[in-house]
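Each chain, written out:
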Amino acid sequence: MSKKVNEKDLRSMDPNATWKEMSRGGTIASPGNAELFKTGDWRSMKPIWHEDKCKQCLMCYPVCPDTSILVDKETGKMSGIDYDHCKGCGICANVCPFKAIEYVAENESE
Amino acid sequence: MGIRERLSGNEAIAYAMKQINPGVVAAFPITPSTEIPQYFSTYVNNGEVDTEFVAVESEHSAMSACIGAEAAGVRAMTATSANGLALMWELLYIASGSRLPIVMAVVNRALSGPININNDHSDSMGARDSGWIQLYSETNQEAYDNMLMAHRIGEHKDVLLPVMVCQDGFITSHAIENIDLVEDEKVKAFIGEYKPEDFLLNKANPISVGPLDYTPHYFEHKRQQVEAMNNAKKVILEVAEDFAKMTGRKYGLFEEYNTEDADVAIVVLNSTAGTAKYVSDILRKQGKKVGVIKPRVYRPFPVDEIAAALSKFKAVAVLDKADSLNAAGAPLFTDVTSALFVKGVKDTKAVNYVYGLGGRDVTFEHIESVYNDLLKIAETGKVEKVYNYLGVRD
Numbered sequence: 001m002s003k004k005v006n007e008k009d010l011r012s013m014d015p016n017a018t019w020k021e022m023s024r025g026g027t028i029a030s031p032g033n034a035e036l037f038k039t040g041d042w043r044s045m046k047p048i049w050h051e052d053k054c055k056q057c058l059m060c061y062p063v064c065p066d067t068s069i070l071v072d073k074e075t076g077k078m079s080g081i082d083y084d085h086c087k088g089c090g091i092c093a094n095v096c097p098f099k100a101i102e103y104v105a106e107n108e109s110e
Numbered sequence: 001m002g003i004r005e006r007l008s009g010n011e012a013i014a015y016a017m018k019q020i021n022p023g024v025v026a027a028f029p030i031t032p033s034t035e036i037p038q039y040f041s042t043y044v045n046n047g048e049v050d051t052e053f054v055a056v057e058s059e060h061s062a063m064s065a066c067i068g069a070e071a072a073g074v075r076a077m078t079a080t081s082a083n084g085l086a087l088m089w090e091l092l093y094i095a096s097g098s099r100l101p102i103v104m105a106v107v108n109r110a111l112s113g114p115i116n117i118n119n120d121h122s123d124s125m126g127a128r129d130s131g132w133i134q135l136y137s138e139t140n141q142e143a144y145d146n147m148l149m150a151h152r153i154g155e156h157k158d159v160l161l162p163v164m165v166c167q168d169g170f171i172t173s174h175a176i177e178n179i180d181l182v183e184d185e186k187v188k189a190f191i192g193e194y195k196p197e198d199f200l201l202n203k204a205n206p207i208s209v210g211p212l213d214y215t216p217h218y219f220e221h222k223r224q225q226v227e228a229m230n231n232a233k234k235v236i237l238e239v240a241e242d243f244a245k246m247t248g249r250k251y252g253l254f255e256e257y258n259t260e261d262a263d264v265a266i267v268v269l270n271s272t273a274g275t276a277k278y279v280s281d282i283l284r285k286q287g288k289k290v291g292v293i294k295p296r297v298y299r300p301f302p303v304d305e306i307a308a309a310l311s312k313f314k315a316v317a318v319l320d321k322a323d324s325l326n327a328a329g330a331p332l333f334t335d336v337t338s339a340l341f342v343k344g345v346k347d348t349k350a351v352n353y354v355y356g357l358g359g360r361d362v363t364f365e366h367i368e369s370v371y372n373d374l375l376k377i378a379e380t381g382k383v384e385k386v387y388n389y390l391g392v393r394d
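For the record, the sequence lines run as chains H and D. Each residue of the first sequence is one higher than the last, beginning at 1 in the working numbering. Each residue of the second sequence is one higher than the last, beginning at 1 in the working numbering.
Just chain D, same shape as in the assembly:
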């Protein structure tokens, strides 16, 4: 029936990694993800895992070591944040392009500059097109659960892509919450042994990984990656179904909260979805029909499902904790509106709010103001301003 514990988000991730017992963990400390390799190295020192822990000199090396290890034939994991993720940039593409199902915990933090160590999503949003599957987590529990599902998704033969499990820096990474942990033996059985089809250290069938891939072939290999992303959606749902059988906790591509008969909805990732749910509950009591859509799977982006879910509302606000700085909408918003357009959803008005950059608090009042804006749009059918900023001093 699970183990009742209380852990911070970072502890929960490190605990999941202990239960996964990967072949290699290579990591470099960076706030707010530092605690993950720190806790994990304690497990290594205590002999609680069989993992080879590589204390590398940079995140570039951390991801390089993970690529080498995964290609060699073992599970490789790491954790990072912000500029650490940015330093991995070229390796992210090599990991996904070489089809290595590495699993990485990303503890979301604002990307410098100016320098800021607090939470927003500019780090993982910058990596949204790197060919990694991205799962987002509202709570410590979700971060832990996503971590337990990540290998099953990434290693599936129809997928073979690396996976990022994202959670909000400090807000969930450092806050201690009650959590239901799965027993070690159940985790072991759920994840199974890693048996790659081809790997470098296979003496019987040695291979070359990462060769020169010129014009006659590179395009086709990118096309393969797209297919893997397409397949990932189905696999993610299958794995979630198995996970629900084991734990009773259900996960989809996104969570719908208070959306039945809702006139308007907020689309938001990670911990702010919790605030939005709370506000939605209160406004519901006042008779306002407001809901929340919380994407869990951002890559692959669930175009059909998101468009279908949003088509029921008169107006939606997409909240982005990262700005694209393109003067044309933040990442989640442009993905959502693109989905609405291609699926022919014409009756749902969509507006964008960039919020919480650099860890700026997003409060009850902020969310309430967005719902009130949406209700006004729903009533009048008029959008005054598409691109909005929430909580910035004007």
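For reference, chain H alone in the conformation it holds in the complex:
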């Protein structure tokens, strides 16, 4: 991911760090760090995006609890799903008016 973790946090997060080396109370000095925590492996169900059926209405984007609908910054169009963070809740598949998002068991895909 693009996020950078500063030296202080790297030291703090090291699993071999002693209590003296770690930040007080677990405070993290690098902001916007939730992206570094991968939640994709929590998934048992998985959304699959079919670009051919997608009308770019972007109904899926605001309902995703994990900001996992990827939108191209240049074109403003949906470009895929962030499987590093998607927990497989299926809300996107449920709201899609065009059935462009299929909702399948994790092991059924590819």
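If you are wondering where the hints come from, they were derived from the structure by calculation, not from laboratory data. These numbers were taken from a predicted model, which means no experiment stands behind them. Careful: at least some of the hints might be erroneous.
Straight-line alpha carbon distances no greater than 25 Å define the calculated DSS-like cross-link-like pairs of lysine-lysine that follow [to be verified]:
| no. | chain 1 | residue 1 | chain 2 | residue 2 |
| --- | --- | --- | --- | --- |
| 1 | H | K20 | D | K157 |
| 2 | H | K8 | D | K157 |
| 3 | D | K245 | D | K157 |
| 4 | D | K346 | D | K385 |
| 5 | D | K285 | D | K312 |
| 6 | D | K188 | D | K245 |
| 7 | D | K312 | D | K234 |
| 8 | H | K20 | D | K195 |
| 9 | D | K382 | D | K314 |
| 10 | D | K18 | D | K250 |
| 11 | H | K20 | D | K234 |
| 12 | D | K376 | D | K314 |
| 13 | H | K73 | H | K38 |
| 14 | D | K234 | D | K222 |
| 15 | D | K203 | D | K186 |
| 16 | H | K77 | H | K38 |
| 17 | D | K233 | H | K4 |
| 18 | D | K188 | H | K20 |
| 19 | H | K8 | D | K222 |
| 20 | D | K346 | D | K382 |
| 21 | D | K250 | D | K188 |
| 22 | D | K203 | H | K8 |
| 23 | H | K8 | H | K38 |
| 24 | H | K53 | H | K99 |
| 25 | H | K53 | H | K87 |
| 26 | H | K8 | D | K195 |
| 27 | H | K4 | H | K73 |
| 28 | D | K312 | D | K376 |
| 29 | D | K233 | H | K20 |
| 30 | D | K203 | D | K157 |
Chain H is fixed; fit chain D onto it per the hints.
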């Protein structure tokens, strides 16, 4: 030379809070602490403080708002009692675990049920292991003084822990006593400005507070909290020394009264220490060598100092205004006896008396009977009963 006033314990706390002028006060009313936010909100309305007063819908929210405010970078304060404190339960641990030096006035009241609004210590004793520093106060003056010292202790870089300032509901919270107040400018200079190292609203260095802290890290963070508690003892004494320079009023980890050459002593918190001192004075005149130990600092628990002080006596009675209901001794007693054991004090007999639950009066006669029991133990060297109840109808 101070300002001579007469204030109730709640007024004294509210007055201290006015002088401290915190960034945020978030509170919910509960007897007997209600008057504290009530008086304080008058100061807010009159423009005498710069505080953002948040009238929250519960104590859970009060402590949550304090956590948010303190993490954001300002001093946050609140006051509560009994079930209000109990409703803060999970947030107490989040405040201390996130190392936020919030200061809270606890006006001690019996925890329901059955429902009771009068004084005992079951509320703050339930929070004794929540990672908060706990200071106890015998009088209105002590409640006020502890409040003025609380921020200096909690905010010290070697500590960074929240602080509870406890006093007895109604007995001191609603009783008006003479009090020496410190001048506003002196309080301001004593407490100083709050300059946290890291805080949420620091645009230059934004941080995340309260993250997920899994198995590889949580244990180490708890170990840090223990270290902070260890450090707090020294800081509490340093702050007390500075406070004595300003006011002439001296505070330690505990107060020793009539203990020189004493054969026996009572260990007791808060206002009942006043009764015990009074009885001790009278019994002294009868030639009975009896004293009082009044812990001021209960968390951190001063193991070495308490054990050393008690090792001089033949017998001690620990009076608890809360029962652990564990059939094995009340909280102060188990802490005291643990201290005696680990420090190898073998010649001091220790007994426990649970007293005053739900606001039951503790009288001269009760205290006198305890001293007489102790003198008998000192004489015979025999303890007949370790766990005792004072003032309960048998």
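Hint by hint, here is what the structure shows:
For the hint pairing K20(H) with K157(D), the CA-to-CA distance comes to about 14 Å; that is within 25 Å, so the pair holds. Distance hint between K8(H) and K157(D) is fulfilled; the C-alpha atoms sit about 18 Å from each other, no more than 25 Å. Pair hint K245(D) plus K157(D) holds up; C-alpha atoms about 22 Å apart against a cutoff of 25 Å. In summary, the hint linking K346(D) to K385(D) is supported, as the alpha carbons are separated by about 18 Å, within the 25 Å threshold.
At roughly 21 Å between alpha-carbon atoms, K285(D) and K312(D) fall within 25 Å of each other, so this suggested pair holds. As the CA atoms of K188(D) and K245(D) are separated by approximately 15 Å, the hinted pair is consistent with the 25 Å bound. Between the alpha carbons of K312(D) and K234(D) the distance comes to roughly 23 Å, so the proposed pair stays at or under 25 Å and holds. Our distance criterion of 25 Å between C-alpha atoms is met by K20(H) and K195(D), whose separation comes to about 22 Å.
Distance restraint check for K382(D) and K314(D): the Cα-Cα separation of roughly 11 Å lies within the 25 Å cut-off, and the hinted pair is therefore satisfied. Between K18(D) and K250(D) the CA atoms are separated by roughly 23 Å; this keeps the pair inside 25 Å, and the hint holds. With a C-alpha separation of about 19 Å, the suggested pairing of K20(H) with K234(D) holds against the 25 Å cut-off. With a CA separation close to 10 Å, the supplied pair K376(D) and K314(D) stays within the 25 Å bound.
Straight-line distance between C-alpha atoms of K73(H) and K38(H) comes to about 22 Å, which keeps the hinted pair within the 25 Å bound. Between K234(D) and K222(D) the CA atoms are separated by roughly 20 Å; this keeps the pair inside 25 Å, and the hint holds. Only pairs whose Cα atoms come within 25 Å are accepted, and K203(D) paired with K186(D) is rejected, the gap being roughly 32 Å. A hinted pair counts as satisfied when its Cα atoms are at most 25 Å apart, and K77(H) with K38(H) qualifies at roughly 24 Å.
For the hint linking K233(D) to K4(H), the alpha-carbon distance of about 39 Å lies beyond 25 Å, and the restraint is violated. The suggested pairing of K188(D) with K20(H) is violated, with an alpha-carbon distance near 33 Å, which exceeds 25 Å. At most 25 Å may separate the alpha-carbon atoms for a hinted pair to count; K8(H) and K222(D) meet this at roughly 19 Å. Note on K346(D) and K382(D): the hinted pairing holds, with a Cα-Cα distance of about 13 Å set against a maximum of 25 Å.
For the suggested pair K250(D) and K188(D), the alpha carbons sit about 20 Å apart, so the restraint of at most 25 Å is met. With a CA separation close to 18 Å, the supplied pair K203(D) and K8(H) stays within the 25 Å bound. Under the criterion of a C-alpha separation no larger than 25 Å, the hint pairing K8(H) with K38(H) is consistent with the structure, at around 21 Å. Distance restraint check for K53(H) and K99(H): the Cα-Cα separation of roughly 7 Å lies within the 25 Å cut-off, and the hinted pair is therefore satisfied.
Proposed proximity of K53(H) and K87(H) is supported: the alpha carbons are some 23 Å apart, at most 25 Å. Using a Cα cut-off of 25 Å, the hinted pair K8(H) and K195(D) holds, with the two alpha carbons roughly 20 Å apart. Between the alpha carbons of K4(H) and K73(H) the distance comes to roughly 20 Å, so the proposed pair stays at or under 25 Å and holds. The straight-line distance between the Cα atoms of K312(D) and K376(D) is roughly 17 Å, inside the 25 Å bound, and the hint therefore holds.
In summary, the hint linking K233(D) to K20(H) is supported, as the alpha carbons are separated by about 19 Å, within the 25 Å threshold. With a C-alpha separation of about 22 Å, the suggested pair K203(D) and K157(D) falls inside the 25 Å cut-off, and the hint holds.
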